[in-house]
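*Asks:* Line by line, the protein sequences give chains A and B. Residue numbers for the first sequence follow the numbering used here, so the first one is 305 and each next one is one higher. Residue numbers for the second sequence follow the numbering used here, so the first one is 305 and each next one is one higher.
Incorrect hints may have been included.
What the hints assert, rightly or not - Derived coverage of chain B by chain A (criterion: at least 3 residues anywhere in the stretch with Cβ under 8 Å from a Cβ of chain A; other residues may be distant):
hint	segment
1	344-351
2	363-370
3	404-412
4	422-435
Bear in mind the hints are in silico, worked out from the structure with no lab data behind them. Since this is a predicted model, take the numbers as computed values, not measurements. For glycine and all other residues, C-beta sits at the position ideal for the given N, C-alpha and C.
Number of protein chains: 2
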Amino acid sequence: MNREMKDEGRRTKDKNIQGRDRACPCPLKGMKNNRVPSLKFDEKGLIAAIVQDSKSGDVLMIAYMNKESLEITLKEKRTCFYSRSRQTLWRKGESSGHVQKVKSIYYDCDKDALLIKVKQEGVACHTGEWSCFYRRIL
Amino acid sequence: MNREMKDEGRRTKDKNIQGRDRACPCPLKGMKNNRVPSLKFDEKGLIAAIVQDSKSGDVLMIAYMNKESLEITLKEKRTCFYSRSRQTLWRKGESSGHVQKVKSIYYDCDKDALLIKVKQEGVACHTGEWSCFYRRIL
């Protein structure tokens, strides 16, 4: 997290960055060939994963992945997280059917966060709400 | 983080939840009146804050807030984070001019994450990219 120390960076404004296909050419190989493992997992072996609905752009939830759950996500094209409370892998929707089909995965400039665009089956939140972010402060 | 344990929750699908105005009526009072402090800050006193461009829906970045930086954000209507690396408050754009004007703030079902919708001045990423999530794995 040092983006703030370089906040005077280049100013190439590109509003369509996420809309363009900048995928590295071999995403699964990326894991196998140690291209992606440069991701920074925290001291608990976790990385934050923001889940966004690919169609509406709604931010649905945030959860955490360890390397194994990321590998499963890449392989199965459905989100799999690491449950910090249960300390186990958690395939999203395995009991509810509310699976998230993965459309694309991005990582941030610090390599310590993921943005996962999905097709959400049913709803994302365990409360029955479409998004976990259904309460507003401001 | 126990949403996964209740994944069989109600199924009131509401795709427009973030589009509707479900703001609590007094956001700033919310902080003052101890309505919002039920938010769950982690053992370091931090909460994850996802920043989304209010117009395009692009997820711009993720950063962390402590209670003080959240209060400043609510008061100034510009994002202020806590820099984990520098261990200090960090007003986004204070040196670059790339401020984020806050349009709305949501919190998630677990009360341990924020979604902040902003009008981004310039670009969000210190690299000069519009979004910090400019690299793709899948």
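*Asks:* Count the residues of the segment 363-370 of chain B whose CB lies closer than 8 Å to any CB of chain A, then report whether that count reaches three.
*Replies:* holds (count 5)
*Asks:* Do three or more residues of the segment 422-435 of chain B come closer than 8 Å to chain A, measuring C-beta to C-beta?
*Replies:* holds (count 9)
*Asks:* Quick check: do three or more residues in the segment 344-351 of chain B have a beta carbon closer than 8 Å to a beta carbon of chain A?
*Replies:* violated (count 0)
*Asks:* Has the segment 404-412 of chain B got at least three residues whose CB is nearer than 8 Å to a CB belonging to chain A?
*Replies:* holds (count 6)
Checked against the numbered hints above, the structure breaks only hint 1 and satisfies the rest.
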